[in-house]
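Listed in order, the protein sequences are those of chains A, B and C.
Under the numbering used here, the first sequence is numbered contiguously, ending at residue 108.
Under the numbering used here, the second sequence is numbered contiguously, ending at residue 1138.
Under the numbering used here, the third sequence is numbered contiguously, ending at residue 2085.
No wet-lab data here; the hints were simulated from the structure.
It should be emphasised that the depicted structure is a prediction, and the values quoted were computed from it without experimental measurement.
Treat the hints with care, as some may be off.
Claimed, not checked - Example chain B residues on the side facing chain A (calculated, C-beta under 7 Å, incomplete):
| # | residue |
| --- | --- |
| 1 | Ala1050 |
| 2 | Asn1051 |
| 3 | Val1063 |
| 4 | Met1096 |
What the hints assert, rightly or not - Here are the simulated lysine-lysine pairs, DSS-like style, with alpha carbons at most 30 Å apart:
| # | chain 1 | residue 1 | chain 2 | residue 2 |
| --- | --- | --- | --- | --- |
| 5 | C | Lys2076 | B | Lys1082 |
| 6 | B | Lys1082 | B | Lys1018 |
| 7 | B | Lys1071 | C | Lys2076 |
| 8 | B | Lys1071 | B | Lys1082 |
All C-beta atoms, glycine included, are put in the ideal place defined by N, C-alpha and C.
Each chain is listed here by its residues.
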Amino acid sequence: MSELAGKAIIIVGTLFNLFGCIGLIRLPDVYNRLQGATKCVTLGTCSILLGVLISSGVGPTGMKALAAIIFIAITAPTAAHALSRGAYRAGVPLWEGSVVDKYEEEGS
Amino acid sequence: MIIAGALVAMISGVLLGKMTTRHPGRGLNPVRYFWGVCYIFVLAWWVTMANLDVAFRVLHPDVPINPGIVKVETDLESESAKTALANSITLTPGTMTVDLSDDGYLYVHWINVSSTDVEEATHQVVGRFEPILRRIFE
Amino acid sequence: MIYFALSLLTLSGFLCLYRIGSGPTPADRMVGIDILGILVVGFCALFAVFTGRGFYLNIALAWGLLSFIGTTALAKHLEGKKFDE
Chain A
1 MSELAGKAII IVGTLFNLFG CIGLIRLPDV YNRLQGATKC VTLGTCSILL GVLISSGVGP
61 TGMKALAAII FIAITAPTAA HALSRGAYRA GVPLWEGSVV DKYEEEGS
Chain B
1001 MIIAGALVAM ISGVLLGKMT TRHPGRGLNP VRYFWGVCYI FVLAWWVTMA NLDVAFRVLH
1061 PDVPINPGIV KVETDLESES AKTALANSIT LTPGTMTVDL SDDGYLYVHW INVSSTDVEE
1121 ATHQVVGRFE PILRRIFE
Chain C
2001 MIYFALSLLT LSGFLCLYRI GSGPTPADRM VGIDILGILV VGFCALFAVF TGRGFYLNIA
2061 LAWGLLSFIG TTALAKHLEG KKFDE
């Protein structure tokens, strides 16, 4: 039972990873790509690790998977934040269809 | 062996707590831990919604996006609460924190801008998390 | 089942590599590197299920740490600062 549930969660996680990488290809500028890809890949990888945790049960393997889940859920948004700020400071422009840019108006 | 390790950890925590944190008593309140567990469930719900949203936008043939950087306001005080808020905003539907200014403003990249006004954007972006984070960290 | 998951992840990895190779700005390539680093953690977890050996998860943890540090160093470099600022 737990074996089956773990495998189902792993498949869902890989599908979300694939959607995130399709977003990396299709979205138009750095910020949109970073946004879509970070969200989808974070949840996808956390789902894979959760599937490992569920199918292996409480033990050394499961606890390592739990530590990896917590670690990824904290560091992936931080890395995205650092990259977006760095890209803005380096002068990468927004997509031409963007509506508003308060950051430029108010000064960085 | 495990008990010895737990004792050493407890002693060093009591001795160093006043040196390293500003409010050492805060970590002992069980109500905060209850709200922390609630926060994990709220965050998991919004993260799932965010992923379905991104999957919809990516698989739609026209890629329906309307991006821009808006400015939102937060009145959380402590640094750890602001960090948790910024990370939560990055993981929730359509928003990503770009910068955090010193006087309580966040610059948020929003994939589908529906309002450029500071008050309205604050209500839509920050309003999901601010009450529960205030109960945890302040 | 496990072959299906592995092939989906391999396809995502190739999409990331396409973005790293063809990104118009340096920031696009760095986004690709960041995402690829997180994907490798998922790969290691899948290998742990596939082979039934737990030590792949140690590799996953260490890889996650190093990937995060590398991404922050790249972001600092993009911002035009030295690493110790």
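Here is how each hint holds up against the structure:
| no. | hint | in the structure |
| --- | --- | --- |
| 1 | Ala1050 | holds (5 Å) |
| 2 | Asn1051 | holds (5 Å) |
| 3 | Val1063 | holds (6 Å) |
| 4 | Met1096 | holds (4 Å) |
| 5 | C:Lys2076 / B:Lys1082 | holds (21 Å) |
| 6 | B:Lys1082 / B:Lys1018 | holds (22 Å) |
| 7 | B:Lys1071 / C:Lys2076 | holds (23 Å) |
| 8 | B:Lys1071 / B:Lys1082 | holds (15 Å) |
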